[in-house]
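A.B. asks: If you read the protein sequences in the order shown, they are chains L and B. So the first sequence is residues 1 to 301, counted in the numbering used here. So the second sequence is residues 1 to 322, counted in the numbering used here.
A portion of the hints provided could be inaccurate.
Over 12 angstroms on every C-beta distance to chain L, these chain B residues come out as not near it, computed from the model [what the hints assert, rightly or not]:
no. : residue
1   : GLY76
2   : ASN82
3   : MET94
4   : ILE98
Label-pair restraints from in silico Cβ distances [stated by the list, open to error]:
no. : chain 1 : residue 1 : chain 2 : residue 2 : range
5   : B       : VAL35     : L       : ASN232    : 21 to 29 angstroms
6   : L       : LEU111    : B       : ARG129    : 30 to 38 angstroms
7   : B       : VAL130    : L       : LEU84     : 53 to 61 angstroms
8   : L       : PHE193    : B       : VAL130    : 58 to 66 angstroms
9   : L       : LEU113    : B       : ALA283    : 29 to 37 angstroms
10  : B       : VAL35     : L       : LEU113    : 32 to 40 angstroms
Please keep in mind that the hints were generated in silico from the structure rather than gathered at the bench. Computed from a prediction, not measured in an experiment: that's the story for all the values here. Where a beta carbon is used, it is the ideal one built from N, C-alpha and C, also for glycine.
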Amino acid sequence: MSAASSWVRTPPEGRRKDLYQRIVFALTLVATLIVLAPIVIVSAYVLREGASAITWEFLTDPPRRDGAEGGIWPVIVLTAYSLLLVVLMAVPLGVGAAVFLSEYARPGRLLRLINLTIINLAGVPSIVYGLFGAAFFLDILGGQKSLWVVSATLALQALAIIITSARESLLAVSRGVREGSLALGVSRLRTTFFITLPQALPGIITGVLLAISRAAGETAPVIVVGAIMAKNVSLSPAAVINERAQVLSFELYGRIIEGIGYPEDRKWGIALVLLAVVLLFNLSALFLRWRISRLGSVRRN
Amino acid sequence: MAVAPTTDQAPRRSLAESVRRRRTGAVWEGIVEAVIYATGLLTILLLIGILLLLGQQGLRLFFEMDYPVGRFFTFGNAITENTSDPEKFRFGIMAPLIATGWVTLVTLVIAVPLGLATAVYISEIAPPRVRLYIKSGAELLAGVPTVLFGFVGLFLLVPIVRETFGWGAGGMSGMTAGIVVAFIAVPLIISIADDALQAVPVDFKENAYALGCNQLQAIWFVIMPAAISGITAAVMLGMARAIGETMTVLILGGGNSSIPELPTESMRTMTATIASGFGNASAYSLLRPALFMTGAVLFLITMFTTIIADLVLDRQRKRFSR
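Using the sequences and the accompanying hints, generate a full structural model.
C.D. replies: Next up, the structure:
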């Protein structure tokens, strides 16, 4: 554009227009940088304040003196159990629903209604999932406040993300592959299981990783359904049913609210562990998606 | 299936067998397919279940516990105390509702210009590679747990607000919360607005250039108006996100339960009221159903916003679908 303006003598008005354009474009760049700044600020701040608390003892010891000393080992283990449980509950249901939407449902009112439902489920505030979890699992099913109730609530919330991403990656599998299989006389279900799903798998895994990352960071529903602060309990898998929930996000929130008497650097240490877990899943999802898009472009050529 | 039968009637039996086998296979497949159908319908069941259960738990407040409906919707405070006496219970949804309104307003005032400017930058100005990086960055931003935003905001932003403006309770106010929530809502706005801008056919832009527009004019007078449905939907979904956000407003809002007259006051939104009150709400107090009722109102507001946003988005989809 600058080359053109040196060739043709732009009238002053035109030049002013270009100046406006430059200013506006510069402003959009500034806006972009402002939007991205919080990631850097949050990560840097948490790292600066929390790094000193991260020791082997902090990560692998049970808490002593109400958590003021020792470590957060039980919280880490129970968080892992909870995320595993979320995957076990949400993935079969979510992928099943996605298969229904992409392979079985015919275009029409029902499909439109279910798609609208999923958009709505994704938009339901997390705290409402918490209320639903408390009412359904505790009041109606009569469960005790425990880790599995928290996990089940988080799994319901994860459902929308998993369905959406699985549906998109199933729909992205080319029609020809599917039709080729059907033309060989393979039933629709077997085509789905042996042809379509394997091809869509990387995309599905991306969605699952994102859902895990969300579930790990989610705090509001955990508060509502009920969790406790770090406590030394039995860590066998039976803890899922027998023990109250201890998860990283709630541990962090509780320590902020409790405030006094808990060492500052330990609070940030918990924040750092939480951030690390969430970013780990998030970045692996992004990496996987990036790999898929590259593979996709190669395959197409 | 693999080994061929060795009897003399081999061909006929194997045919009959293969038919039978296909039928048993069909039974299994029928079962699995039924399960798949069921999971599809489960989503609808879940959404309806949320609405029904919240309503059932919430309406007990009026029908079983005799709390006046009018008072719930007009009383200007929302005190989360455990009591089973309808006379003493001072809880109305007005104050949390207005607090949510203020925080959402602050959020949108910040997030909409930032989000749309970013969407225009990545969709129209930046090279494709940069676009990919920034989209990934926005997604990362969306992934940061909101409790961390609240915590970092409490230590970084609240002292600044307290010393320079003196808003709310020691720097904690609707405004403070809204500023932070803006960064939580912005990734969603960017993602949907970017999709909307990308969906505008290239011809539009080329025609604008042919008519002598420069790039900015093409964006402002042609591309953005063409994408207006998608942009509206982006703003509405960002709004729904802000309304539903809990942790940051709980940590940074200040927690005053009365009606806030200005966004700079300490306040407690609907989500924060539920989160702070539910833990100690006993099963027999009025508080528990009152919080469920608040949750039901919250649910209806976000659902309504989401449905309208989807209808608006559908308009754009139909317009540009080939």
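A.B. asks: Evaluate each hint against the coordinates.
C.D. replies: So, going through the hints one by one against the coordinates:
1. Every CB of chain L is more than 12 angstroms from the CB of GLY76 of chain B (nearest about 23 angstroms), matching its label as outside the interface.
2. Consistency note on ASN82 of chain B: stated as away from chain L, and its beta-carbon is indeed over 12 angstroms from all of that chain's, at 16 angstroms minimum.
3. At the 12 angstroms boundary, the C-beta of MET94 of chain B stays outside the reach of chain L, the nearest C-beta of that chain being 19 angstroms off.
4. Annotated as non-interface, ILE98 of chain B keeps its C-beta farther than 12 angstroms from every C-beta of chain L; the closest such distance is 18 angstroms.
5. The given range of 21 to 29 angstroms is broken by VAL35 of chain B and ASN232 of chain L, whose C-beta atoms sit roughly 41 angstroms from each other.
6. The beta-carbon spacing between LEU111 of chain L and ARG129 of chain B, approximately 36 angstroms, falls within the hinted interval of 30 to 38 angstroms.
7. The supplied range of 53 to 61 angstroms is broken by VAL130 of chain B and LEU84 of chain L, whose beta-carbon atoms lie about 37 angstroms from each other.
8. Judged by the Cβ atoms, the range 58 to 66 angstroms given for PHE193 of chain L and VAL130 of chain B is violated: they are separated by roughly 40 angstroms.
9. Our hint of 29 to 37 angstroms for LEU113 of chain L and ALA283 of chain B holds, since their Cβ atoms are close to 35 angstroms apart.
10. For the pair VAL35 of chain B and LEU113 of chain L, the supplied restraint of 32 to 40 angstroms is violated, since their beta-carbon distance comes to about 20 angstroms.
Hint compliance for this structure: hints 5, 7, 8 and 10 are broken, all remaining hints hold.
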